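Engineer: Below are the chains, spelled out letter by letter.
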Amino acid sequence: MSATATAGESGLLPDATGHFGRYGGRFVPEALVAALDELDAAYRHAMADDAFQAEFGALLRDYAGAPSLLYRAERLSARVGAQILLKREDLNHTGAHKVRNVLGQALLSKRMGKNRVIAETGAGQHGVASATAAALLDLECVVYMGEVDTERQALNVARMRMLGATVVPVTTGSRTLKDACNEALRDWVANVAHTHYLLGTASGPHPFPSMVRDFVRGIGVEARQQCLDQLGRLPDAVTACVGGGSNAIGIFHAFVPDADVRLYGFEAGGEGVETGRHAASITGGSLGVLHGARTYLLQDADGQTLDSHSISAGLDYPAVGPEHAWLADAGRATYAPVTDAEAMDAFQLLCRTEGIIPAIESSHALAGTLKIIPALTEELGREPTIVVNLSGRGDKDVQTAGTYFGILDGRDGQHG
Amino acid sequence: MSIAVAFEKARAEGRALLVGCMPAGFPTVDGSIAAMTAMVEAGVDVIEVELPYSDPVMDGPVIQKASDIALANGVRLADGLRVIEAVAATGAPVVTMTYWNPIQKYGVDAFARDLAAAGGTGLITPDLIPDEADEWLAASDAYGLDRTFLVSPSSTDARIAMTVAHCRGFVYATALMGVTGAREQTSADAPALVRRVRAVTDLPVGVGLGVGNGAQATEVGSFADGVIVGSALIRCLLGAPDLAAGLDALRALSTELAAGVRAVRR
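These protein sequences, in sequence, are chains W and Y. Under the numbering used here, the final residue of the first sequence carries the number 416; numbering is consecutive throughout. Under the numbering used here, the final residue of the second sequence carries the number 266; numbering is consecutive throughout.
Take every hint as true, because none was put in to throw you off.
Quick list of in silico lysine to aspartate or glutamate cross-link-like pairs, DMTMM-like style, CA-CA up to 20 Å:
#1 Y/Lys105 <-> W/Asp307
#2 Y/Lys65 <-> W/Glu147
#3 Y/Lys105 <-> W/Asp302
Think of the hints as simulated: they come from the structure by calculation, not from any bench. Values in this document were obtained by computation on a predicted structure and should not be read as measured data.
Construct the entire structure; sequences and hints are all you get.
Structural biologist: See below:
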């Protein structure tokens, strides 16, 4: 695979063994290889099967609410000096783009005859989505969640249990998302014959990065068509937040062959990349291997994984999906960090101008978008048109944001 | 002594070889050297030095906890190499085990060079399969190091053949579908897996995952060339009130396991 190959001409990347250039692959115990091969075969077969596509499409439409709206945010646009279109994934069932991935994988799990799914979750969003899909498709569901996160996100633990899932608090390591991933991998090694690992983002060993991408790439396919229908042309730029990277690859992928459409991924800069307290794997990390893939990650000089930091639980992960690492190296997408403070400013701006409370994750995409408008305007010589992936809604973040703005108990805000 | 010679020696004695695993730097750098030296003195044939890694997905909670303690104490990869050197000085063959990211970060060629210089005989790679191992194949050839890849009950015959073709020294058969850690029963899958490996190679086969006492060592040693024990040995130190008590428990279990592999009747 040469670095000049065009990504996204569907089927070109990854190569047959799951590599996006030098990224991706399979860095896993041999015990998982048979299951990954089985999953890869089932996924390829399903993607080529009209019956599977019809069932998946019907669920997305009738259950999840796809296609999500492409909304022209007039008041925000007037305020920021660009035409902003919001891809309203926040309006999906369960409140985020993640429902697309879990429905796809849950259908695939059933198709493989595996009636038990396991999932990792940080703040609980992927866990809730997994529990939802498992309830709908009658699958046993076990969710691994760091003990620290179960305490921080007690409501989501309750949601998962309401939906019939078992939540297992993880007490090893840093007791957060990366440790939940480790425990899910361990469970999978032990129970692989009857269990599918419903991975929450476009990372992990092959075929997960490409499979998850294919389940979420409808975001970009829809947005591209909606632009053509509503504007009569493609946008100047498409932006998204990047943690593991599923919502970003989901909206980017259909636009990758459109060379005039700029792609921007905004990582969680936390307190600032220079402070070391961030979750920006591409802009503040280095090449390595974590959770089955070669990619960019946060690590120390000995290759030990570093803890990530972000106000957004959904971006608080020390690595990134390998296709983003490849897109960054190839120069097809641009990645930049957005700090907690910048994200929260954008969060408040969208609340006040459009009456939409975004997820803090998606607020990173908005904040990054605001930062690129001046240069883009100058480059184009006119006001740019930008599609922002509003990947999730902010209901889950009311506690965090309310505390941040100091409005939970009526006191004056420190930041507002 | 090379691993191959150690296996030949055990085979000539009509017994299985005993591999004991301990993380470098647990509970301290010197403590781990003392522990591994005690294991050698009690009859453990080969020491497997695990270099601690923050996210050891193939290992169970016991090894993760020991690794976390070592890392929290600030153990670096260079300390691990120092442990290997000290243990190799006892005369027992030392094989290393660690995950791929620390090696990639250190530099694959530099790691192979420094491991060989420290007296390590080879490397067990729990999350590196031959499919992704080009750099390691080259570096291990360059420095004359053994390569132990894992085979599993779920491996196809074709993958077993491909994997053992890339091994040198011995093959590691993960006998259970699961992570490391002592269990009540060892696996019924293990003898079948060892037979499948032997069908395609003359290399010795070590069986790991699940052995915790002398009787299990005898049982596994009856069908495998090597018996690999980790979690049960580490637990001796984890559960002890102080290092001296831990070393006593470690000596006792090592002695029991060493007797176990010598009780094998073939």
